[in-house]
Structures are given as structure tokens and as C-alpha cells.
Amino acid sequence: MLTVSNISRVFESETGEVEALRNINLAVRDKEFLCFIGPSGCGKTTLLRIIAGLDQPTSGEVLLDSKKITSPDSERGMVFQEYSLFPWRRIIDNVSFGMELKGVPKHERYETARKFLKMVGLDAFERSYPYELSGGMRQRAAIARALANDPKVLLMDEPFGSVDAQTRNILQGELLRIWNETRKTVLFITHSIDEAMYLADRVVVLSARPGQIREIIEIGLDRPRVRTSVEVNVIRERLLGLLMEERTRGCGETVCWTGLELGSD
Amino acid sequence: MAAGAGSVKAVRRRRYGVEIASLFVLVVIWQLAADNLVGNAFILPSFTEVMASFYTLQGDMLHDIQISLMHFGIGMAAGIGVGVPFGVAMGWFRTIDRIFDPIIEIVRPIPPIAWIPFAIIWIGLTHTSAGFIVFIGAVFPILINTHAGFKNVSKVLIETAMVLGCTKNYDLIRKVALPSAVPDIATGIRIAMGVAWMCVVAAEMFGMTSGLGYNIWHWKDLHRMDHVMAYMILLGFISLSIDRAFRCLVERRLSGWRKGIVAGS
Chain X
1 MLTVSNISRV
11 FESETGEVEA
21 LRNINLAVRD
31 KEFLCFIGPS
41 GCGKTTLLRI
51 IAGLDQPTSG
61 EVLLDSKKIT
71 SPDSERGMVF
81 QEYSLFPWRR
91 IIDNVSFGME
101 LKGVPKHERY
111 ETARKFLKMV
121 GLDAFERSYP
131 YELSGGMRQR
141 AAIARALAND
151 PKVLLMDEPF
161 GSVDAQTRNI
171 LQGELLRIWN
181 ETRKTVLFIT
191 HSIDEAMYLA
201 DRVVVLSARP
211 GQIREIIEIG
221 LDRPRVRTSV
231 EVNVIRERLL
241 GLLMEERTRG
251 CGETVCWTGL
261 ELGSD
Chain R
266 MAAGAGSVKA
276 VRRRRYGVEI
286 ASLFVLVVIW
296 QLAADNLVGN
306 AFILPSFTEV
316 MASFYTLQGD
326 MLHDIQISLM
336 HFGIGMAAGI
346 GVGVPFGVAM
356 GWFRTIDRIF
366 DPIIEIVRPI
376 PPIAWIPFAI
386 IWIGLTHTSA
396 GFIVFIGAVF
406 PILINTHAGF
416 KNVSKVLIET
426 AMVLGCTKNY
436 DLIRKVALPS
446 AVPDIATGIR
456 IAMGVAWMCV
466 VAAEMFGMTS
476 GLGYNIWHWK
486 DLHRMDHVMA
496 YMILLGFISL
506 SIDRAFRCLV
516 ERRLSGWRKG
526 IVAGS
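Top line first, the protein sequences correspond to chains X and R. Here the first sequence is numbered in the numbering used here, starting from 1 and rising by one per residue. Here the second sequence is numbered in the numbering used here, starting from 266 and rising by one per residue.
Chain R extracted, bound-state conformation (with noise of 0.2 Å):
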């Protein structure tokens, strides 16, 4: 027994072995390449000195944290708020669907940080203005997908329900359009989220005096490049656990009908 579960561990170890190599060789050669190669913490901090920024900013990155999730929190809630029931209204309605669908056509290829100076001038430089931009990133792909997912709703179920006596246009969509299109909604979310924190960072690199993105830009003024790649090390980490978190939240829901619906891994 005991050998048996000590051969379990070391599959196990051997498994992530090549990975954690892999990182490991990444961050020898970046010090070495830093240290030796390059020489010029302007140009290129080395692993010690983002290490070191990290401790000396610990403070600081904790509220700064608090404060891009604000801004993504707020983005993300309206860009779900709006672009769920749109995408609902115009996958079901086709009159709703002409009608936007010019409209989103011609908004949807404008990118999101080309609403910065409008953002400014309508809101101010707050934090519903930094959320604003989040919000325009994240509400096309939850809007498209969610036109996608009602789109694609097979027409057999939507009949199989009508003969069971759903015939209401709201019965319809609440008990059957809008679970099939849950998986689709969740793959928009997904996407969403990371255009969002792009955004987030883009956001408060032009209006804000705080947040990750605004540290970036700060740090970069003053020459402490090694601040800079602390702070964009943190932003890729938090990026990958809200994503992972996600996805881990909609596989449980989801798995007991579908599995490994939420696209790409």
C-alpha cells in the first residue's frame, strides 16, 4: 500500500517536473542574460531586482489590486448587464436583431481605447470613466456570443418545448433558449475578460492616479524599470487566476450536462 501510493506521488512529481525545469531555465537565463549581458537595469531588470521591487511594493500592489478590480468589476457587471439581454433580445427577436445589428457593426470595430478622450470629457477622470472603457471592451464578445448561442439553439428543443405546452415567448427564452446558450454566454464572458483587463490597464495608464496600469506608466516616468516588470508580472498573474477561477466556476456548473464546453483550455 505504502509503495503503491509513494509511486503515485512520483508519477505525479515526474509529470510537473518538466514544466517547473522549464521556468526555472526561463528565470537562470534572464538573471544571467541581466546580469551579465545586458548590465543596465534601465533596460533590462534582472529577477533579483523585480524580486526585491515586489517586497518594496508589497503596500502598495495590494491597493492597487483593490483598485483594478474596481475598475474591471464595474466594466464587466455593466458589459454583462447590457450585452446578456441584448444578445438575448436580438438572437430571439429578428426585428431587435435588424434594427441593432447596423448599430453594434459599425461601434463594435472601434477599439475601446479610442473612447478614452470621450470617457474623460462625459465622466470625468473617476473611476466609472476607467470602468466605462473596461466596459466597451468587455460588452461585444458577450454580446455576440450570446446572439451566437440563441442563435444556435437547436429547433428541435424549442419544438419538443412547445408541444409540452411552452409556447410563450418568455417561457421559450427562460426555460429553454437561455440554458442551451449558457455555454456560449460563459465562452463570451471569457473572452470579455480579457479584453477587459487590457482595457483596465489602458485605462488607467491615461486618466487614473492609482491601479496597476497607472503604476506601470508612474514607475516608467521615474526609471524604476524594475517596478514596471513587478507590476506587469502581477498584472499577467492576477489576469491567469481570475481566468483559471472562471473557468473552474462554470466547468463545475456545467459539467454535470456538457463537458469541457468552455472553449479553448
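Same shape as in the complex, but just chain X (with noise of 0.2 Å):
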């Protein structure tokens, strides 16, 4: 169970303080896979690098199994939007570098990592360097990678933000199965309101700068989900609104044009 309890973060900068997020509150249930969306620059990176370890709130405390997270440890695996595999490494040593510094005897982790590999699909890539993988190929290594060090969260910041449309609902679908397969708890930060109407148990709708919870969605259908059916649209409308209310109240700042889509915060 991981509780965000009153997180706020504040960040001193040269032209004054911006406040990124305030007082979350938030019960992930195990096993759940959460959706964060919300305006550009809204704090939701921020809110999971807290998560991560990476950053410290400024006030407030995250707990996982009532442990109290102050720095990042192997308890959760993040995937980053930006491709983060080791460039000189394989992928397969790619995989196992989590194993590898838990001192992991090599055709153990080999194992382990071939394992995980065959689970994305890149059982026949072990051998090659990330700069030979398609941009979709490497977030699946780095999918393989966080479970292959077995976390018990998988944090993910816009995973597939930068693989192109068709890739991304391939690897959507493909997240799904081994969401199933490995049962972690997945939080998962999107700009695509279709991409959290296809994943998420429930959406957590963060407002405009300083980034609040302003709803969270419980989305209560059966997976698969038809993307194009009539009660994902009854949400989609919903979120759609939402967050169109919340970009208008972020207008009176500097992101006003950044939209949905692009950018990311």
C-alpha cells in the first residue's frame, strides 16, 4: 500500500518561489494501476519523482508498506520518457544491472533478465546495444528492466510520450498484459486522456499550477476496452472537461499555450 500524505513542494528559483504541488493526498491501493493527468507543469513529475526518491517534498511524507521513502531504492522502478538505457551496455546487461549490484551471480541474473525480455518481446535482442533498437523497442527494454529488479511500484513518467501513435497503442496493450502477468502497482503519468481511458483503474486529475488532486476518476470498466466505445466516451467527455477547465485556470500563467499535448512538465 503507498500513501502520499500532504505532499506540497515548493521550488526556490532566482525569480521567487514556485509552488509545484499542495497538499496531495492520495491511497494507492496494491496492485492498482493509477493514472495521473493534468496541464502541463502541473507537478506531476514532481509528484512522482517524490515518489521515486529522486526529490523531497517540502513538507509532507510518502509511505510504502508503512515505510517512510526518503531516497530512491530498488522497492520502485521508474521508466522515464526519455530513453534511459545504458548506451554501453547490452540490453541484455541493460536488464540485469539492477541484479547486478544486488551481486547476483551472472547466469542467475541472465536468467532472470531473458525472463523479462521474452515478456516484452525482445528475446531475440539480447545481445544488441540500445542505439540498434527502434525508440518503441527501447522503453520496452526499460519496461523489462524496472521488473526485471523486482519493485514492488512501477513508476512511469509518459512512458510512450515520445514513440510515435500506432507504437504507442501497440505498447499500451502490451503494458496491460504484463500489468496482468506481474500484478505490480503501476503509476502511470500521461498527457493522452485516451492513453489513461485505456490503462488506468482510476485517473487522478491534477488542476493548474500549484498542482492539487481536483478529482479522482474511477473508471470501472472491463479491459480490453474499446477505445471508441460509448462508455469510454461518457469519461473521456468528463476528463475532457476537466482539464479543459483546469488549462483555462492555468492561462493566467506562462503555460497557457502549451496545451495537452505538448510540452512536458
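Source of the hints: derived by calculation from the structure; they are not laboratory data. Careful: at least some of the hints might be erroneous.
Claimed, not checked - Footprint (simulated), chain R over chain X, 3 or more residues, beta carbon under 8 Å:
#	stretch
1	71-82
2	123-131
What the hints assert, rightly or not - Below, computed lysine to any residue pairings styled on SDA-like, alpha-carbon distance capped at 25 Å:
#	chain 1	residue 1	chain 2	residue 2
3	X	118	X	132
4	X	118	X	182
5	R	440	X	31
6	R	440	X	129
7	X	102	X	87
8	R	440	R	516
9	X	102	R	357
10	R	440	X	108
11	R	433	X	71
12	X	102	R	432
13	R	433	X	74
14	R	433	X	31
15	X	31	X	70
16	R	416	X	31
17	R	433	X	182
18	X	68	R	421
19	X	152	X	70
20	X	67	X	53
21	R	420	X	118
Cβ atoms here follow ideal geometry from the backbone N, Cα and C, with glycine treated the same way.
Combine both chains into one complex, guided by the hints.
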């Protein structure tokens, strides 16, 4: 169980203080697939980084199974939007990186790595270097690497943000299958309502800066979902309305033109 | 088949034809100029005279190459041994950077040759003393490039490693920053080798009784400019071979994950 309580984050900058997050409270159920959506610059990434332990909240705390999170560790795996494979390591050595640090013997960690490479459909590419792989394949490998470390929670910061639309749909389907097989808690940031609708158990809508939880929407539809079905569209319409409001509200600020699909925060 | 192989060979021969012709023309012009235009072996020894010098001096040259390579080796080994660890420490730890940066910025612009008097007073007219001058020339390019390589390590890769459980400085340096900086370090070493070779010649001219640099000065004093020219050509060829060998070595090592990374060509 992951509990976020009263998280606020204020960044100090030369031009003054920027309040990125204000009073975030959230209880994530075990094995839940939770999506975060919100206007650009609303602090989604900051929240995820705090949960990962890469950033510290100004106030509040995050508890994972009643243990306070203060620094990164292998209990929470993360997949970044940017390509994050180590370019000097072969795919299999990328996937076994975490186990290598824990001192797992080579044949054992390769065995585990192969299992996860097979899961993401990259078993034929274990000897390749990252530059030889397409964008979608690199993100698959990054997912395999995060899973091979056996984290309790998988944090994903727009992992499919830089792949093309078709690949993106395929990867979403695969992610759901993998999530079904491994049953990790997944926290997934996206700019795309469509993506959130397809993946999430619940969607957390964040407000414009300072990021606050505007609403948490329970999707409650069976998977696989049909992207264009009436039920999906009803919720999609609601999400769209919420986001439009937040976007307009954020327009007093500097980011008004960035819209939903552009930029990253 | 036979015809095919033949045409491939013809293409290859044609490819180097211009280069070979260029060198050939240079030699011819040199020979004609020396014989007919200058007519004085003290001012411009001819090609054939220089070739004769190579023949006469071949025994000495072999010995001199050994001595010079020793000076080069001492200096480069010390340069790598000091430059890489300092570059790593300064690139990784902000305070160490701030402590050493002003010192380095003041010492670095002093030409290595200016250290010769002190090298002789401190270490005497020894091989170590020549190696010291070479070291002064080699250490800064290595240090600066290692430092830059560490500064340029992608933040995403560091954070990726951290969420995979790689949180200690030692592990992060060893597993992420150092491999990521290898191309920069290699570039630094390559630049350093060029400087080091110049320093070998200078140091030997001043304080040695053997070595390639010493012989240039020695034969000048004896007015044997054909021998001087032979040693000059030898210096050039050795430098070229060292550079080519190093590039070959590094590129083979790195080509797996990055192509053509060693700067320039």
C-alpha cells in the first residue's frame, strides 16, 4: 500500500518561489493501475519523483507499506520518458543492471533478464546495443529492466510520450498484459486522455499549478476496453471537461499555450 | 567471379592512386629542388641523401626510438594515472572541483617546456626528468576531458541507476559515470599523446644524451642536416603510428555501442 500524505513542494528559483504541489493526499491500492493527468507544469513529474525518492517534498511524506520514502531504492522502479538505457551496455546487461548491483551471479541474473525480455518481446535482441533498437523497443527494454529488479511499485513518467501513435497503442496493450502477469502497482503519468482511459483503474486529475488533486475518477470498465465505445467516451468527455477548465485556469500563468499534448513538465 | 574480384581490386587501387601520386610528386619536387635549385645539403638535403641517412643510422635509430618511447611512456602513464582520477574527482564532487580548479587554471597555461629548468634541478638529467616534462604536457588534456566527460553524464542515466538501487557514489561512478565518460577520456588521451610527443622532443633536446629529440640537436651541431631530416621524418612516422594504433584500439573497443566517437580523424 502506497500512501501519499499532505505532500507539498515549493521550488526556490531566482525569480522567486514556485509552488509545484499543494497538499496532495492519495492512497494507492496494491496492484492498482493509477494514471495521473493534468495540464502541463502541474507537478505530475515532481510527484512521481518524490515517490521515487529522487526529490524531497517541502512538507508531507510518502509511505510504502508504512515505511517512509526518503531516497531512491529498488522497491520503486521507474521508466522515464527519455530513452534511459545505458548505451554502453547490451540489452541483457541493461536489464540485469539492478541484479548486478545486488550481487546476483551472472547466470542467474541473465536467466531472470531473459524471462523479462521474453515478456516484452525482445528475447531476440539481448545481444544488441540500445542504438540498434527503435524507440518503442528501447522503452520495452526499459520496462523489462525496471521489472527485472522486482519492485513493488512501477513509476512511469510518460513512457510512451516519444514513440509514434501506432507503436504507442501496441505498447499500451502490452503494458496491460505485463501488468496482468506481474501484478505490480503502476503509477503512470500521461498527457493523453485516450491513454489514461485505456489503461487505468483510476485516473487522478491534477489542477493547474500549484498541483492539487482536482478529482479522482474510477473508470470501472472491463478490459480490454474499446477506445471508441460509448462508456469510454462518456468518461473521456468528463475528463476532457475537467482538463479544459484547468487549462483555462492555468492561462493566467506562463504555460497557457502548451496545451495538453505538447511539452512535458 | 574472377572478373568481379578483379574489378573490386581495380576500384581499391584507384582509390589510393591520387594519394600515392601526391606523395610521389612531393618527393620528386623535393629531390629536384634540392639537387638543382638549392644545391646545398646543409640548407636542403635531398630525398636520396635522407634515405641514405636512414640506412647509415638504422642501428642508432632503433636505440633512440626505445629511449624516446620510454620517455613518452613514463609521461603518458603518469599523465593518465594523475589526470583520470583527478578529472573523475573534480567532475563528480563539486567541492573538489572548486578546490583544484583555480590551481589548475593557473598552472595549465604554463608551457610544459618552461618546466625544463626545474625538472633538471629537481630530478636531474634523468629519464624521469624527461618523463616529467612529458607528464606536464599530457596531464592537462586528460584531466580536462575526463572532467568534461563527467560533467556531461546524462542526468537521466544517473537517476535511472539510482532507482535501480545504485545509490552510492562509488557505484554510480564505476557503473554509470565512468563508462559514459570513456569516449571523452579517450579523446583526452589522444590529444595528450600529440602534446606528449612534442614534449619528448623538447625535453631530449635540452637535457638528454640520447633519444630522437637529442639526435636532432646533436646532428645539427655536426652540420649533418640530412641526418636531422631523417630523424624528423622518423618522429613524424612514430607519432602517426601511435595515434593510428590508439584510434584502432579505442574504436574497436567502443564501436560496439558508439561509432566514430574519437574526435576528429
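- Is the straight-line distance between the alpha-carbon of residue 433 of chain R and that of residue 182 of chain X 25 Å or less? The hint is violated at about 29 Å.
- Distance restraint between residue 67 of chain X and residue 53 of chain X, which requires alpha-carbon spacing of 25 Å or less: Holds, because 12 Å separates the two Cα atoms, which is no more than 25 Å.
- State whether the coverage of the stretch 71-82 of chain X by chain R holds or is violated, taking the criterion as 3 or more residues with Cβ-Cβ distances under 8 Å. holds (count 9)
- Given the hint that residue 102 of chain X pairs with residue 432 of chain R, test it: the Cα-Cα distance must not exceed 25 Å. holds, 12 Å
- Restraint status (C-alpha distance of residue 152 of chain X to residue 70 of chain X at most 25 Å): Holds: residue 152 of chain X and residue 70 of chain X sit about 16 Å apart, inside 25 Å.
- Would you mind confirming whether the straight-line C-alpha gap from residue 102 of chain X to residue 87 of chain X stays at or under 25 Å? holds, 21 Å
- Decide if the proposed pair is consistent with the structure: residue 420 of chain R and residue 118 of chain X, CA atoms, cutoff 25 Å inclusive. violated, 29 Å
- Within 25 Å, alpha carbon to alpha carbon, are residue 31 of chain X and residue 70 of chain X? Within the cut-off at roughly 22 Å; holds.
- Between residue 440 of chain R and residue 129 of chain X, is the straight-line Cα distance small enough, at 25 Å or below? Cα-Cα ~16 Å, so holds.
- Message: Against the 25 Å threshold, does the CA-CA distance of residue 68 of chain X and residue 421 of chain R hold or violate the hint?
- Response: Holds - the C-alpha atoms of residue 421 of chain R and residue 68 of chain X are around 24 Å apart, at most 25 Å.
- Agreement of residue 118 of chain X and residue 132 of chain X with the hint, judged by alpha carbon distance not exceeding 25 Å: holds, 18 Å
- Item | Holds or violated: residue 118 of chain X to residue 182 of chain X, with C-alpha atoms at most 25 Å apart | OK: residue 118 of chain X and residue 182 of chain X at ~13 Å, within 25 Å.
Comparing the model with each numbered hint stated earlier shows that hints 5, 14, 16, 17, 21 do not hold.
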